[in-house]
Every structure is written in structure tokens, then in C-alpha cells.
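Trainee: Put together the whole structure using the sequences plus the hints.
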Amino acid sequence: AQSVSQHNHHVILSEAASLELGCNYSYGGTVNLFWYVQYPGQHLQLLLKYFSGDPLVKGIKGFEAEFIKSKFSFNLRKPSVQWSDTAEYFCAVCSTGFQKLVFGTGTRLLVSP
Amino acid sequence: NAGVTQTPKFRVLKTGQSMTLLCAQDMNHEYMYWYRQDPGMGLRLIHYSVGEGTTAKGEVPDGYNVSRLKKQNFLLGLESAAPSQTSVYFCASSTHPGGHSGNTIYFGEGSWLTVV
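Chains as they are written, first to last, in my numbering: chain A, 1 to 113; chain B, 1 to 116.
Quick caveat, the hints were computed from the structure, so don't treat them as lab data.
Quick caveat: nothing in here was measured; it's all calculated off a predicted structure.
Any given hint could be a false lead.
[As the list claims (entries may be wrong)] Covered stretches of chain A (chain B as the covering partner; in silico rule of three or more C-beta atoms under 8 Å from a C-beta of chain B):
1) 40–50
2) 73–83
[To be verified] For the chain A half of the interface with chain B, some residues (derived, Cβ under 10 Å), not all of them:
3) 4
4) 25
5) 92
Don't be surprised by glycine CBs; every beta carbon is placed ideally from N, CA and C.
Mentor: Written out as C-alpha cells, the structure reads:
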């Protein structure tokens, strides 16, 4: 069965600091990978997704993620965070052709001004 | 995200009561999902549907039933609510299966359910 691990449950950063959130998955086949963001009181929104090609994926709001197949990882990065990035971030994985996403437990990011 | 609408947004139930959450999407999506979100556990799939008239179990289906009588609606029912079902429920829809390269999943705004 697929599973997703997000090891950082809470992250606190100051504005302008760099961000990296870890995501590891367990599945031996071809996977599709996603990062979603949930701002306080709102629904989930897609930040970026990887299906194939360049393993460095750029998303909205300056976020990017790198797929490292050998490490089963898809870490999310942003060079300089803003207060408005305060939110919960979810990694999700789906094996190719599979019908549903499996989500990680989420990482709560707090950016202090 | 006006494409996926959930009702009600907030509800308090007594143990043993029943209720139905309604999810409606106006994007003609084939695939619809119900997730629950609990602190420290992320989103867990309850049930999903791959088209009108079909439903399937997800990770945590016990205590819930679903129906997809119309393509645009996906109903989640609690026949006898329990405190363990206190959660935030999210409906979602997509044009393709989760693993399809063209897929994007659209989420509703959530329904907060408290069972006392």
C-alpha cells in the first residue's frame, strides 16, 4: 500500500528565511506527486505536481519541489518565505493509474513577521 | 473555488443521530471523493466514486455510507453518529483518476461536524 511521511509536523520561521519541507513516500512503482496548501480556514489548493520529465518542479507563489527517485522523496522548497505563507502543507502521492491520492499528515508552517 | 460546494458548513449532532453531507460540483467531473481531516492525521479517504451510480471504499469507510445518484452530487451519510466522527469533512472532484497526468483535484471548503 502507498504511504506518505511528512516528518516535520510544525515549522516556525522568520520572514525571508528559506524553507524546506520533507516528504517521503513508500511505493516501488511509478508515482505522481503533489503538494497542497491549506491556508487557515480555507480548503486545499494545489501548489505543484510532478508526473514526469524534469524532476525539479516549479509551482505557484515561488514554491518548487524536487523529485529524487532514489530517495523516494519530494521535498518542497522556497528560498524566502513570507508571513502570508503561514499555512498547513500536505504532500500527496498516487501511483500511476491508481484512482485516489494518499496524503501525508501535514506540516504546519508559521512565519513570524 | 466555487466549483465544489459542500452543505452544511457547520453541524452539531448528538450521539446516535443521523445526517447527510451534500457535495455538489458543476465541472462535470467523473471522480468524486470524501475525505476527513483530523489533527496530526492529515486527510484520509472515506469513500470515493468513479462515476454516476458507482461508489467504493477508501481508507476509513466504517460508519459512513455514500451515494452518487447524479453525476454532480456525492452524498456522505452518517447513520448513527459517534464522537469519533467529529472531524472536518472535505469533498473533492476531478476529471481523471488520481494518478492521471492531466489530473487536478478540486476541493470544497469543508464541513465542520461535531458529535457530542
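Trainee: Hint by hint, note whether the structure agrees.
Mentor: Cross-check of the supplied hints:
1. Under the rule that three or more residues need a Cβ within less than 8 Å of chain B, the assignment of the stretch 40–50 of chain A holds, with 6 such residues.
2. With 0 residues carrying a beta carbon less than 8 Å from a beta carbon of chain B, the stretch 73–83 of chain A misses the three-residue requirement, and the given coverage is violated.
3. Look at residue 4 (chain A): its Cβ gets to within about 8 Å of chain B, closer than 10 Å, so that hint holds up.
4. A least Cβ separation of about 13 Å between residue 25 (chain A) and chain B goes past the 10 Å threshold, and the interface hint is therefore violated.
5. The criterion of a C-beta within 10 Å of any C-beta in chain B is met by residue 92 (chain A), whose closest approach is roughly 8 Å, and the hint holds.
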